[in-house]
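Undergrad: In order, the protein sequence lines correspond to chains A and B. Mapping to our numbering: the first sequence position 71 is 71, numbers consecutive. Mapping to our numbering: the second sequence position 62 is 62, numbers consecutive.
It should be emphasised that the hints constitute simulated quantities derived from the structure, not laboratory data. Beta carbons: idealized from backbone N, C-alpha and C, even for Gly. Do not take every clue at face value.
Claimed, not checked - Partner residues aside, some chain A positions facing chain B, computed with beta carbon under 7 angstroms:
{"no.": "1", "residue": "D57"}
{"no.": "2", "residue": "T61"}
{"no.": "3", "residue": "G67"}
{"no.": "4", "residue": "P75"}
{"no.": "5", "residue": "Y86"}
{"no.": "6", "residue": "L94"}
{"no.": "7", "residue": "E104"}
{"no.": "8", "residue": "G146"}
{"no.": "9", "residue": "A148"}
{"no.": "10", "residue": "W153"}
{"no.": "11", "residue": "L157"}
{"no.": "12", "residue": "K298"}
{"no.": "13", "residue": "S299"}
{"no.": "14", "residue": "F302"}
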Amino acid sequence: MTDGLDLPLVWAGLIAFAVLLYTLLDGFDLGIGVLFPFVRDGEQRGRMLSTIAPVWDGNETWLVLGGGGLLAVFPLAYSIIFSALYAPIVLMLLALVFRGVAFEFRWQTPRARKIWDRAFALGSLGAAVAQGLALGALVQGIPVAGRAYAGGWWDWLTPFSLLTALGLTLGYALQGACWLIMKTDGRLQRRAYDLARWLAPAFLAAVGAVSLWTVFLDAKYAANWFSWPRILLVAPVPLLVAAAGFALISGIARERERTPFLATQALFVLGFAGLGVSFHPYMVPNSVTIWQAAAPDKSLAFLLVGAAPLLVIILAYTGYAYWVFRGKTPQDHHGY
Amino acid sequence: MPELSAIELARFQFAFTIGFHIVYPVFSIGLASYLTTLNFLSLWTGESVYLRLFDYWKRIFAIAFGMGVVSGVVMSYQFGTNWSVFADKTGPILGPLMGYEVLSAFFLEAGFLGIVLFGRNRVGPGLHFFATLMVALGTFASAFWILSANSWMQTPAGYAVNAQGQFVPVDWLQAIFNPSFPYRFVHMALAAYLTTSLAVGAVGALHLLRGDNSASVRTMFSMAMWMAALVAPAQILAGDWHGLNTLAHQPAKIAAIEGHFDGERRAPLILFGMPDMAQARTNYKVEIPLAGSLILTHSLDGYVPGLKDFPREDWPPAPIVFWSFRIMVGLGFAMAALGLWGLFARWRGGLFDRRWLHRAALVMGPSGFVAVLAGWTTTEVGRQPFLVQGLLRTADAVSPIAAPAVAASLVGFIVVYATVMAFGFVYIGILMNRPPDAPSEMAEDAPLRAAGVAPGVATDLAAPEARTAR
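Here chain A stands alone, though its shape is the one from the complex (with noise of 0.2 angstroms):
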């Protein structure tokens, strides 16, 4: 039944698909904690997380099948690029079990309120940064002797990384910013407007440095971004960029509801895009290439049967559920 087809690469595009995902959905909810300590007033902040309260734990389900889907179908590179991001991918966890726990805990008690607004936002702040410096980390590529991590316990922070995690938070705010314009009215909506204003032009331009770093950063990234004919089929990555930058400052300029979202997201999907040319062929960046990192056709096979039906049918139900939440969101729509 999967005879020809090349399941490594397959399953390579499932995976950048999940993760695709998970930064399109869990980036506008980490966004709204990082937007935290910009809107003071705590039933504003209540609003915030009503917007999100029902779907951000579907949101966060494709970070970990982003990580188990690797552990399942490359495992090698799942052994090798988290011993790599140990500090990170820690960092990354911790921030997120507290931002987590916020939503539940915020609403018990009063003095509650407090503490947990703050655990809120640092936690989407810590595990926005810890995913920006990994991603860094990756791009500047892994060393790798035999079958393990060969590099050093402090690689992934560099001024690289750090620019990579100021970009990355700057993209989730904007995200979270964007969504709230949409989710929302009145006050609220309008400080959205404000923080969009200027996150979007700070976004862009670290979109920009990251890019022209990255293909400056080792010389497979320039090749497979310039060289020809390669040329051809990449250049529209950038050009839609320009586009899609272009419709998110109009859209807030003009005061558009739904097009600085949606024109944020197309950046999301863009800069992915752009990442995949860069890594291609590799999982483990310039270290290990997707076949090398595989599992057995066997057990990409296996996944695969199931995966396929089931991704349709939990992007159908995730739908519904954002559906069923849909227009916006009333103030007190914490409605236990």
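Add chain B to chain A, keeping to what the hints say.
TA: Showing chain B alone in chain A's frame:
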């Protein structure tokens, strides 16, 4: 503190994080089914008491589930950070099992949880019941896959070893339904139900003891006592089958559990004692003659293995599993006794009047969680020194990481988990402490509500009895 190696730290970190994690899924599996039952009864009978109970336990479920999710995300990444050799070698088999867990269980739970918690008014009672059912199904699917993966590590089957030393699948059905899986799955599912019924029963008992005789309290206590009476004896049977299965496939674990260093026929059952690994004998034994053979082989003359039947380097640490097993079994019998007591009280028509029964049910509230932790300790420590029984030693599976890195992350996990767990306990305690028929709004929500959509209702709810909740 003596110098600890990276592997000791990594093992402690895993034990700590999974020990913290496991109590929440157990509670969520049981509570999700309980919520589904309540939702169904509400639809079927139209009686409001079931919906009130649903709303009451829903809030507790939300916290337990959230804690389970955040601690579970940690688990799925820890194999890579601390146990990379294990991940590389067993990934081709265990990875897809966990992949199926994410795809068939985690998404199902997470996707419908929002509707269960917040969406009843948006989707209507029918779809709301369906969403609750899906969450419950998800919790079961999750237990199915993760226990299949764990059981494979206990009793590996359907695999081969490739040139890189990885375990690769040969027969998926054999790998999934490996020899110990059906027993472990049944044992664990019953444990989840039993643990939850004891917790629910304790909350009911607490409010009965306080003189709250409302329909909600009586219903919750009665349902919980039914469950305990039915499930506790079933669990003792399932545990016995599981033990026989372990004897067939992991005899060294049984020897350690029983405290037997010398294998023998007509073996006694050691009730208590102090297994001493260095002297290779169990001191201060209190034993019942012949009972060991009778229980483990269902024959007086059956052969019960001893640790000396196995190479010294393959012995699991007997003192730990000897005692953790006895804690689990002792609690199991206490639960069965409570269930019988409840049946007796019901038969004599005094289920809601017998204060000593209520006190016992209250005390037994946490016993399910303790028994689950003790049981997991028994099965996991009993597999040592192997990670995959007989094939991969724990010492060979750890990441090439330095002790300071593991130590630092361990401290981080302990601090964060201890904080979060403490708050989680407190908040679940506050919710359980609140009588189920009190108005559901929290005191501090009143002004927020008043400013919201239905000020009239909010004022009504601000009546004095709402304040007695605190």
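Undergrad: Each hint needs a verdict: does it hold in this structure or not?
TA: Hints, verified against the model:
1. Given the 7 angstroms rule on beta carbons, the hint for A:D57 holds: about 4 angstroms separates it from the nearest Cβ of chain B.
2. Taking 7 angstroms as the C-beta contact cut-off toward chain B, the hint placing A:T61 at the interface holds, the least distance being around 5 angstroms.
3. Because the smallest distance between the Cβ of A:G67 and any Cβ of chain B comes to about 5 angstroms, under 7 angstroms, the interface hint for this residue holds.
4. With a least beta-carbon distance of about 2 angstroms to chain B, the hint placing A:P75 at the interface is held under the 7 angstroms criterion.
5. About 5 angstroms separates the beta-carbon of A:Y86 from the nearest beta-carbon of chain B, less than 7 angstroms, and the hint is met.
6. For the restraint placing A:L94 at the interface with chain B, the shortest Cβ-Cβ distance is roughly 5 angstroms, inside the 7 angstroms limit, so the hint holds.
7. The criterion of a C-beta within 7 angstroms of any C-beta in chain B is met by A:E104, whose closest approach is roughly 5 angstroms, and the hint holds.
8. A least Cβ separation of about 10 angstroms between A:G146 and chain B goes past the 7 angstroms threshold, and the interface hint is therefore violated.
9. Because the closest C-beta pair between A:A148 and chain B is about 5 angstroms apart, less than 7 angstroms, the hint holds.
10. Hint status for A:W153 relative to chain B: holds, with the closest Cβ pair at about 6 angstroms, below 7 angstroms.
11. Among the interface hints, the one on A:L157 is violated; its C-beta lies about 13 angstroms from the nearest C-beta in chain B, farther than the 7 angstroms criterion.
12. Using the Cβ-Cβ criterion of 7 angstroms, the hint placing A:K298 at the interface with chain B is satisfied: the shortest such distance is roughly 5 angstroms.
13. A least Cβ separation of about 4 angstroms between A:S299 and chain B falls short of the 7 angstroms threshold, and the interface hint therefore holds.
14. Look at A:F302: its Cβ gets to within about 5 angstroms of chain B, closer than 7 angstroms, so that hint holds up.
This entry does not satisfy hints 8, 11, going by the numbered hints stated previously.
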